Amino acid sequence: MWKELACWSGGLLFEQVGGLDEGYFMFSEEVDWCYAMREKGWQVWYQPEARVIHLGGGSSRNRRPQREGDLYRSRIRFVRKHYGVTAAWLLKAQIVGFTAIKSIGHGLLRLVSGGRYGRQVVSLRRLAVQLREV
Numbered sequence: 001m002w003k004e005l006a007c008w009s010g011g012l013l014f015e016q017v018g019g020l021d022e023g024y025f026m027f028s029e030e031v032d033w034c035y036a037m038r039e040k041g042w043q044v045w046y047q048p049e050a051r052v053i054h055l056g057g058g059s060s061r062n063r064r065p066q067r068e069g070d071l072y073r074s075r076i077r078f079v080r081k082h083y084g085v086t087a088a089w090l091l092k093a094q095i096v097g098f099t100a101i102k103s104i105g106h107g108l109l110r111l112v113s114g115g116r117y118g119r120q121v122v123s124l125r126r127l128a129v130q131l132r133e134v
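Position one of the sequence shown corresponds to residue 1 (the numbering used here), numbered consecutively onward.
Source of the hints: derived by calculation from the structure; they are not laboratory data. None of the values given here were measured: they were computed from a predicted structure. Incorrect hints may appear among the rest.
To be verified - Each pair of labels, with its calculated beta carbon distance range: (1) GLN94 with TYR117: 22 to 32 Å; (2) GLY11 with VAL85: 16 to 26 Å; (3) GLY84 with MET37: 19 to 29 Å; (4) ARG126 with ASP21: 37 to 47 Å; (5) VAL52 with ARG125: 29 to 39 Å; (6) GLY11 with TYR117: 43 to 53 Å; (7) VAL112 with ARG51: 17 to 27 Å.
For every residue, glycine included, the Cβ atom is placed at its ideal position computed from N, Cα and C.
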């Protein structure tokens, strides 16, 4: 264990794996990084007692509901990178189908509840534009 910690502090992990993939706009870059670590033989641990305080949300605060499309775009990019074009295409089709269902369901909820329930979902037009890029 101490050898791994010494390697971490010495930069060996960064030399082997590299930094975060800047091709991700937001979301999934840390998952991609952990995946790359595992591919290089490093262990990735989850520490449930760790606490992170995230101040802000400045990158996504004013992007509702577009950030839903940002998340999907990143997930598709990750799948394409690690599992291939066919898997990415299948995920893209699944996301579009589920988004259509969510749009109808949340729209009906807003309609029957006078706007008290249901949320804005990324539009299919906006989603198509975002997913065309991956």
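Outcome for the supplied range 22 to 32 Å, where the beta carbon pair is GLN94 and TYR117:
Between GLN94 and TYR117, where Cβ atoms are some 25 Å apart, the hint holds.
Go ahead and decide if the range 17 to 27 Å is satisfied by the Cβ distance of VAL112 to ARG51.
violated (40 Å)
Is 16 to 26 Å right for how far apart the beta carbons of GLY11 and VAL85 are?
violated (34 Å)
Range first: 43 to 53 Å. Now tell me if the beta carbons of GLY11 and TYR117 are that far apart.
Holds, at about 51 Å.
Regarding GLY84 and MET37, is the given constraint of 19 to 29 Å on their beta-carbon distance met?
holds (21 Å)
Just to be sure I understand the hint, the distance between the Cβ atoms of VAL52 and ARG125 should be within 29 to 39 Å; is that true here?
Given about 35 Å between the Cβ atoms, the range holds.
Confirm or reject the claim that ARG126 and ASP21 have a C-beta distance inside 37 to 47 Å.
Violated, at about 24 Å.
In this structure, the hints that do not hold are numbers 2, 4 and 7, in rising order.
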